[in-house]
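Go ahead and model the full structure; you've got the sequences and the hints to work with.
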Amino acid sequence: MKGWKIACSAFFTDKVATVGAVIIIFAFLVALFAPILAPYHPNEVAEGSIRLMPPGTDGHLLGTDQQGRDILSRIIFGTQTSLISAVVPVVMAAVISIGLGIIAGFYQGVVGNIIMRIMDVFFAFPAVLLAIAIAAILGPGLLNVIIAMIIVRIPYMTRVVYTDTLQESQKEYIEAAKAFGVGRIEIMFKQILPNVLPSLIVYSTTLAGVTIVTVAGLSFIGLGVQPPEADWGRMASDGSDLLMLGHPFVTFFPGIAILILSFAFSMIGDGLRNALDPYERSKVKKEKVNAKKAMVA
Amino acid sequence: MIQAVRKKEAFLNVTNLMTKIHTPEGSMTVLDHINLSIDKGDIMAIVGESGSGKSMTIHSILQMITKNLLDSYAGEIEVEGKSILDIGEKEMQQIRGKKISLVAQNAMTSLDPSYRVGKQIIEIILDKTNLSKREAIEKALYLLEEMGIDEAKRVFQSYPHQLSGGLRQRVVIAMSLACDPDLIIADEPTSALDPSVQLQVLELFKKINRDLGTAILIITHDFGVVARIAESVAVMYAGQIVEQGKTSEVIYNPQHPYTNSLLNCIPDLDWIFLDGVGKKPLFQIKGEPPNLMNLSSGCRFANRCHMAKDICRSKLPELKKVHSPDLNHLVRCLLTERRESYAK
Amino acid sequence: MQNESLLDVQGLTKVYGNKGSLFVPRKEMLAVNNVSFSIKKGETFGLIGESGSGKTTIGRMVLRLIEATAGDIQYEGKSILSMKKGEMDKLRSEMQIIFQDSGSAFNPRKTIGEQILHPLNKFHSNSDAGYQYNKVIEMLDVVGLRADFYHRYPHELSGGQRQRAGIARALIVKPKFLVLDEPVSALDVSVKAQIINLLIDLQKEFQLTYLFIAHNLDLVAYFCDKVAVLSKGELIETAPTIELFRKPKHEVTQKLLSSILTLDGDLGEYYRKQSAI
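Line order of the protein sequences matches chains Y, R and E. Just so you know, we're using the working numbering here: the first sequence kicks off at 1 and counts up by one. Just so you know, we're using the working numbering here: the second sequence kicks off at 298 and counts up by one. Just so you know, we're using the working numbering here: the third sequence kicks off at 642 and counts up by one.
By construction, these hints were calculated from the structure, which means they are not laboratory data. Bear in mind that the values here come from a model prediction, so they are computed numbers and not experimental data. Just so it is clear, CB atoms sit at the ideal spot from N, CA and C, and this is done for glycine as well. Honestly, I wouldn't trust all of these hints.
[To be verified] Below 30 Å or equal to it, Euclidean Cα-Cα: the simulated DSS-like pairs (lysine-lysine) are: (1) E:K731 - E:K751; (2) R:K577 - E:K896; (3) R:K337 - R:K387; (4) Y:K286 - Y:K15; (5) E:K751 - R:K583; (6) R:K450 - E:K751; (7) E:K896 - R:K504; (8) E:K817 - E:K914; (9) E:K896 - R:K503; (10) E:K817 - E:K682; (11) E:K725 - Y:K190; (12) Y:K178 - E:K668; (13) Y:K190 - E:K681.
[Stated by the list, open to error] Which bits of chain Y does chain E cover? Going by a derived footprint, with three or more residues having C-beta under 8 Å, they are: (14) 165-175; (15) 179-187; (16) 205-213.
[What the hints assert, rightly or not] Distance windows between CB atoms, simulated: (17) Y:L259 - E:E779: 39 to 49 Å; (18) Y:Q108 - E:E735: 28 to 38 Å; (19) R:E448 - E:G718: 48 to 58 Å; (20) Y:F122 - R:D424: 36 to 46 Å.
Okay, here's the thing in structure tokens:
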């Protein structure tokens, strides 16, 4: 059986992860085919539509917002920005953190100390506050929010990589590599990296979920995506005034969408770890072989 | 000479214990008809390689096999005549620690690194007995002193990482004595220690047995440890007991080829004192233990046995009494059986 | 050629600790203090002592996995402590190490084959992949492992099998000198004997010289030609094996040897009588 096939089966043995993966794949497809799927253009008031039509109105499944735009179409288009704001900052921050964390953990001493003390400074501020401050300095807009999120996530992820690297570098297989004169760069990125990556990936998926919520929050207070662009956080914010006026659905549907997608990212963590762990993979392989044997017998 | 007859009181009785666990390949029988009995004040050893089932035996006795690993138990385990296989987890917790306590192989993992040693001992005493806090502190200090620790007060105030391996193991043994158990089960208590510390710990177990009358069941792969401490021994191989009896009988009159091989694995140092004359090649047992998932119908040791005959590969021997001064000397070997019947 | 020495260690010293700074008080620990010994070609040299006596540190310093604080180490007459990185790296194919197997001697995420192949790739990068693969299979066979172990992960092997794989990884670059750092301490009695016998066979086959660091004293007695005893970082006694085990001179050595567990009798008794004479 091929390696990636076993990895997939190992992933899908985790039921929670499977559900999460299905939701995320669905969201990606929705984002990709948004122009085809959405019944209306997200920023335009459809012909003959009235403001604040309730859900279930003919032609507007989820109703219309305060400007008469179709909520369903706006949520479908909003999937694009939500996925970008979940994946891009976390992936970028992970790449940078791997570099910083492994170098700090492997060299320790002066280099490690400088890197980790700088991280500690960032730790002193609450993440959301820091994100608001950076986004406010850079100015509103999706790109700036993403940059802010990258900076905010780096200290946390670097910590994870650093701790794992410290642990791995004390193991004897690292000494074995040194005994063969293997260079430091190669030890760091070929020996240590595969061993610190899984826990970072699991952590990243959780962070991706949180990041969706934070970016939505930044949009809510006006720092993120600018109108009239469709964005879940922005939509929730725009509808907030109407909550008490008998139109809760304007806020409700984007809110639910944020919740589901952020949960989905948190759910795939354990599955990814299983898929990356040779021990879990061999367990799955054995089970498969047995199932085959049982079929024959 | 008048031999003092010590009246022995049965404490632990294991009868036909079968333990099955879940594996990816399906259910696996890791223990096959284990019979053991330990009287109060006994020192017994179970010896075998990794995977022989010696750790499974004690984890079955203490019912510490995790739920998602355990398939089923069969047979009977009795403590002081009462069956413990079907009692609830709450009652079992009373037996663990109070009647039977466990000294794990790695002292570091049985101590919590973030609490002082003294606090950890006191907590156990307070949890399992009715002593007041002051009495508990006194008892903890007393126990540490009993373990041969000179600076009991300093150790009491220390964190586990501040102590050496030997001291840590003593602390763990002191903890196991916290509730005056009738039996201490020690799982490879010395294999991680330096030889001189190993010797001290073994002497400590002997002292506990002598002074407090606590029975001791020691798990090891080293016959040197058995010879040093145990009165009786059970040799395990591939989930079965293959030989059982008094230590002196088993060591000087081993009947099972596996026992013999294990004994031979301990280098004989006599040649050193004979100017190098008679230095024999180091004995080794070839191969690896069988996979318990697909066992042949024959003797489980047959493939590694240098004496194996055809019949050994087809028929599984039973554990039978052998002709020996020790009436409880049992062996599971067809060849021994055959030799015995010729002798008759 | 038998009497030619392969490794000469002179006044080897290691001080752990920091130089102290504004926030950290100066703290130093003498791990190894002025240790000298020499190992002849083809010899098995034993290094014994309690844990914390510095024996592992010495083993690592000899291979420059830990840098020595002071002293000199000569390998075939060349001082290796003053070598530049490039020069030292070339020498690394001649000097290798076998670790105590604690499951961490192999990278858990790479197959055994990949990890044995890696050093070969490093030292003989010009040979083609098929040749290298065959070399690995050949080496697995030498240490008594089947070819299908190539594709297994470390966790799928037993302790003894992993130790065999560790020996294969070290031997594939054809070293002359091996540091054996407690190679059998974590193994079952029966497997210990298998590995020691394998090491003895390999020594004959490839003319290897061993530095055997161990606390299994009975195996040291069996395996080594010469034994050095360490206590608190200092070398207190060096002697041919038979001499050392028959008449240990130093009190610490006597205490150490007394703790050998034998099936019959008490060696401690013997040594106490010896020292009384």
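Check: Hint numbers the structure violates, sorted upward?
Finding: 6, 8, 13, 16 and 17
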